[in-house]
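Residue numbers (full-length UniProt numbering), protein chains in the order written: chain A, 1 to 478; chain B, 1 to 251.
No lab work stands behind these hints, which were simulated from the structure alone. All C-beta atoms, glycine included, are put in the ideal place defined by N, C-alpha and C. Do not rely on the hints blindly, as some may be mistaken.
[What the hints assert, rightly or not] Calculated Cβ distances over 12 Å to all of chain A for the following chain B residues: (1) Asp23; (2) Gly33; (3) Gln73; (4) Gln100; (5) Arg107; (6) Arg110; (7) Cys129; (8) Thr171; (9) Arg191; (10) Glu231.
[To be verified] Quick list of in silico lysine-lysine cross-link-like pairs, DSS-like style, CA-CA up to 30 Å: (11) Lys473/A to Lys235/B; (12) Lys235/B to Lys477/A; (13) Lys235/B to Lys466/A; (14) Lys435/A to Lys235/B; (15) Lys443/A to Lys235/B; (16) Lys455/A to Lys10/B; (17) Lys13/B to Lys473/A; (18) Lys10/B to Lys172/A; (19) Lys279/A to Lys76/A; (20) Lys279/A to Lys13/B; (21) Lys38/A to Lys477/A; (22) Lys477/A to Lys455/A; (23) Lys477/A to Lys13/B; (24) Lys235/B to Lys65/A; (25) Lys466/A to Lys477/A.
[To be verified] In silico contact screen, one side only, chain B against chain A (beta carbon under 8 Å); selected entries: (26) Glu43; (27) Ile45; (28) Val173; (29) Cys181; (30) Arg229; (31) His232; (32) Trp247; (33) Ser251.
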Amino acid sequence: MSVETYTPQAFHRQAHDALGNPQIRANFRQAMDGLMGKRRDAFGDWDVETLRELGANIRLRALAKLPDLLEQLEAKCQANGIKVHWAEDGEQACEIIRGLCEARGAKRVIKGKSMVSEEMHLNAHLEAAGIEALESDLGEYLVQLNEQTPSHIIMPAIHLNTDEISDLMHAKTGTERTRDVDYLTAAARQQLRERFMAADVGISGVNFAVAETGTLCLVENEGNGRMTTTVPPVHIAVTGIEKVVEHLRDVAPLYALLTRSATGQHVTTYFNMISGPRKPEEHDGPEEVHLVLVDNGRSAIYQDDELLDTLRCIRCGACMNHCPVYTRVGGHTYGTTYPGPIGSILMPHLQGLEATKDLPSASSLCGACGEVCPVKIPIPDLLVRLRKEAVGEGRGNVAGAGAKRNRSEVLAWKGFQWLATHPGAWRASTGIAGKLRALTPAKLGPWTDYRTAPKPAATSLHALVKRHRRDAKQEGKS
Amino acid sequence: MTPLKLYPPKPDKVYFYGTCLIDMFYPEAGLDGIRLLEREGIEVIFPFEQTCCGQPAYTSGYHDEARAVAEAQLALFPEPWPVIVPSGSCGGMMRTHYPQLFAGTERQDRARELAGRVFELTEFLVHVCHVRLADKGEPQRVAMHTSCSARREMGLADTAPALLGQLAQVTLVEQARAAECCGFGGTFAVRHPEVSAAMVEDKSQAIEAAGAEHFVTSDCGCLMNIGGRFEHQNKSLRGEHIASYLWRRTS
Chain A
1 MSVETYTPQA FHRQAHDALG NPQIRANFRQ AMDGLMGKRR DAFGDWDVET
51 LRELGANIRL RALAKLPDLL EQLEAKCQAN GIKVHWAEDG EQACEIIRGL
101 CEARGAKRVI KGKSMVSEEM HLNAHLEAAG IEALESDLGE YLVQLNEQTP
151 SHIIMPAIHL NTDEISDLMH AKTGTERTRD VDYLTAAARQ QLRERFMAAD
201 VGISGVNFAV AETGTLCLVE NEGNGRMTTT VPPVHIAVTG IEKVVEHLRD
251 VAPLYALLTR SATGQHVTTY FNMISGPRKP EEHDGPEEVH LVLVDNGRSA
301 IYQDDELLDT LRCIRCGACM NHCPVYTRVG GHTYGTTYPG PIGSILMPHL
351 QGLEATKDLP SASSLCGACG EVCPVKIPIP DLLVRLRKEA VGEGRGNVAG
401 AGAKRNRSEV LAWKGFQWLA THPGAWRAST GIAGKLRALT PAKLGPWTDY
451 RTAPKPAATS LHALVKRHRR DAKQEGKS
Chain B
1 MTPLKLYPPK PDKVYFYGTC LIDMFYPEAG LDGIRLLERE GIEVIFPFEQ
51 TCCGQPAYTS GYHDEARAVA EAQLALFPEP WPVIVPSGSC GGMMRTHYPQ
101 LFAGTERQDR ARELAGRVFE LTEFLVHVCH VRLADKGEPQ RVAMHTSCSA
151 RREMGLADTA PALLGQLAQV TLVEQARAAE CCGFGGTFAV RHPEVSAAMV
201 EDKSQAIEAA GAEHFVTSDC GCLMNIGGRF EHQNKSLRGE HIASYLWRRT
251 S
């Protein structure tokens, strides 16, 4: 499937297709089971709750001071020789990055993993300007070869199994068909290594931007992040404005939470702290370092004291790994840059509720996401808040609020309200339902495609309790 | 994680909130819950004007409607007695979401006060009644499905298994991925029927694969979902609300 095929508007159709695809089902189930197990083992006997509390507080403190911290970050970065750019939306961020590339006459860009660059469709923008953008994270590289988008924010190619990857690499790069993962990885490494050397510009994301020191932290496992940020003469880091933290000491707990929550690792293979371009006495590193700070709807979220919690996210992906819906339908079904629970609370802000109105309801509110979130984002509460916005009973702070409101549903809930606030009528209706139970339809929409229809009981609890009291009274008399 | 909660001593009287699903579809489970409490020497008050906690409207985003329904329930429990709810879902609604729903309104204090004395049935039997059960049933292999709201919203993953563990003839088997949602989720099953179906399919298979002869749950939404799936496939495996199971085997 090509990039454009998946949209949030088509969630139901895409879910139907994914559920009917045994390969997708098996790939995700196996991968998510593995990731859940790794997370559990990685935290081991740690006091996870205390650590999550600490993580949440660090993020809350950073968000509380966000405007000041961003200014401090800008000043510190500039003092370190990093040029700072501000972008109101994705389009503007793309323009800035294209401008930086063109100023250097760059034709070849190598990219480290960056979800915000996916969010703003940077690759398409650069390619339209005649600049080749190549992904260097292995998963991103495969997804790009397959002309797809990532299906997971940490493991972009998690929807593909070894056979599919082998076939893909064979078709696109001429490698041998094999299940030898080491061979495939070595082949990709060789292919990428040549491109790193030839790249004019390296573009990376940022995991934590430290305001007090002007340090950009980058968490990765493949070394591609380090290559991207040190080999080409220009490094452009791009990040959402919410990624800032106040102190350097804030990074350690967040990093501990991030790696354990994401992949169950105690540490990643690489942890990069970028504090500026190459100094005169240094032998490597880029000549120029830029930081592009992207808003793209984030400051609007920031205005709402509930929705603000969305911005705590450190992009670990644990919520999707533990989501029973994501596990079954996979990432592409959501049709958005960020899939799964975090996507369902974030994408309505980026794309509006008109396009994303089916996402907040695509959850059984089982709470598994909120339970594992390393920074304690109340995801289920935010899903409910967005449902409320979607049906037009919220504060109207989200674009497209009210998009899901329809007359028949409003009437149904008004009817429910009336019945549930008129106990006499309620009892009468359960009584009638019980008397007419033989007439209960055997087919109740899609429910009965997989389950039998529930039958109203002949006698309601209200009536049973009445009888129970009468029996007790009589027993007392006799 | 179970939040630290201080439990009161066993009271003389409690309110019983039956829930709408029990009222309409599983009334015996409600009555069995009342019987279990009465057997502990507690007088059970069943406010006759009770209807529904309002959760279906709440989770659907219709909060004005949910608030109106919840407000009618708030008025049913004037005395400071505990309110016992045989459902983690409705219990979680009253304990966690009533205070949210009424925050900033004149009912705020009342909602908070009520939330502080709402107990799920198995929680109350274990932590307040310290119930002792004598099993009179035949040997049976049973799987427990703890609802997501009991497990995560109310922090009650252990109370139902603790009660079943007291039944000498019952072997509790654990299904794979026991903590995973069965796919009911209230209106979720209606809005996303295919995803919900895939979830209940996995859940029912896991229960069967664990070698269970029977399953119990403390939430009738899950019961309707998982039980309905078994019945649809004409399996002999059946489910039951834990109140009925406990009463049946110990009375």
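Going down the list of hints, with the structure as the test:
1. The non-interface label for aspartate 23/B is inconsistent with chain A: the shortest C-beta to C-beta separation is roughly 4 Å, within 12 Å.
2. Not every beta carbon of chain A lies more than 12 Å from that of glycine 33/B, the smallest distance being close to 10 Å; the non-interface claim is violated.
3. With 12 Å as the threshold on Cβ separation, the claim that glutamine 73/B sits away from chain A is violated: the shortest Cβ distance comes to roughly 9 Å.
4. Look at glutamine 100/B: its CB is around 8 Å from the nearest CB on chain A, not clear of 12 Å, so calling it non-interface is violated.
5. Chain A leaves arginine 107/B outside its interface by the beta-carbon criterion, the shortest separation being 14 Å against a cut-off of 12 Å.
6. In this structure arginine 110/B is separated from chain A by more than 12 Å, as the shortest Cβ-Cβ distance comes to about 17 Å.
7. Consistency note on cysteine 129/B: stated as away from chain A, and its beta-carbon is indeed over 12 Å from all of that chain's, at 19 Å minimum.
8. Every Cβ of chain A is farther than 12 Å from the Cβ of threonine 171/B; the closest lies at roughly 26 Å, confirming the non-interface assignment.
9. The Cβ of arginine 191/B sits about 5 Å from the closest Cβ of chain A, inside the 12 Å cut-off, so the non-interface label is violated.
10. Consistency note on glutamate 231/B: stated as away from chain A, yet its beta-carbon is not over 12 Å from all of that chain's, at 4 Å minimum.
11. Straight-line distance between C-alpha atoms of lysine 473/A and lysine 235/B comes to about 41 Å, which puts the hinted pair past the 30 Å bound.
12. The suggested pairing of lysine 235/B with lysine 477/A is violated, with an alpha-carbon distance near 46 Å, which exceeds 30 Å.
13. Note on lysine 235/B and lysine 466/A: the hinted pairing is violated, with a Cα-Cα distance of about 35 Å set against a maximum of 30 Å.
14. Only pairs whose Cα atoms come within 30 Å are accepted, and lysine 435/A paired with lysine 235/B is accepted, the gap being roughly 28 Å.
15. Under the criterion of a C-alpha separation no larger than 30 Å, the hint pairing lysine 443/A with lysine 235/B is consistent with the structure, at around 19 Å.
16. Distance hint between lysine 455/A and lysine 10/B is unfulfilled; the C-alpha atoms sit about 36 Å from each other, more than 30 Å.
17. Restraint check for lysine 13/B and lysine 473/A: the C-alpha separation of about 18 Å stays at or below 30 Å, so the hint holds.
18. Between the alpha carbons of lysine 10/B and lysine 172/A the distance comes to roughly 71 Å, so the proposed pair goes past 30 Å and is violated.
19. Taken as a hint, the lysine 279/A and lysine 76/A pair is honoured in the structure, with Cα atoms around 16 Å apart against an allowance of 30 Å.
20. Restraint check: the Cα-Cα separation between lysine 279/A and lysine 13/B comes to about 77 Å, which exceeds 30 Å; the hinted pair is violated.
21. For the suggested pair lysine 38/A and lysine 477/A, the alpha carbons sit about 64 Å apart, so the restraint of at most 30 Å is broken.
22. For the hint linking lysine 477/A to lysine 455/A, the alpha-carbon distance of about 36 Å lies beyond 30 Å, and the restraint is violated.
23. This hinted pair checks out: lysine 477/A and lysine 13/B have alpha carbons roughly 22 Å apart, not beyond 30 Å.
24. In summary, the hint linking lysine 235/B to lysine 65/A is not supported, as the alpha carbons are separated by about 59 Å, beyond the 30 Å threshold.
25. With a C-alpha separation of about 17 Å, the suggested pair lysine 466/A and lysine 477/A falls inside the 30 Å cut-off, and the hint holds.
26. Because the smallest distance between the Cβ of glutamate 43/B and any Cβ of chain A comes to about 11 Å, over 8 Å, the interface hint for this residue is violated.
27. Look at isoleucine 45/B: its Cβ only gets to about 10 Å from chain A, farther than 8 Å, so that hint breaks.
28. Interface hint at valine 173/B: violated, since its Cβ lies 20 Å from the closest Cβ of chain A, which is beyond the 8 Å cut-off.
29. For the restraint placing cysteine 181/B at the interface with chain A, the shortest Cβ-Cβ distance is roughly 4 Å, inside the 8 Å limit, so the hint holds.
30. With its C-beta approaching chain A no nearer than about 5 Å, arginine 229/B sits inside the 8 Å limit, and its interface hint holds.
31. Evaluation of the histidine 232/B hint against chain A yields a held restraint, the C-beta minimum of about 5 Å falling below 8 Å.
32. Using the Cβ-Cβ criterion of 8 Å, the hint placing tryptophan 247/B at the interface with chain A is not satisfied: the shortest such distance is roughly 13 Å.
33. At about 14 Å, the closest approach between the beta carbon of serine 251/B and any beta carbon in chain A exceeds 8 Å, and the interface hint on this residue is violated.
In summary, the structure is inconsistent with hints 1, 2, 3, 4, 9, 10, 11, 12, 13, 16, 18, 20, 21, 22, 24, 26, 27, 28, 32 and 33 from the numbered list given earlier, while agreeing with the others.
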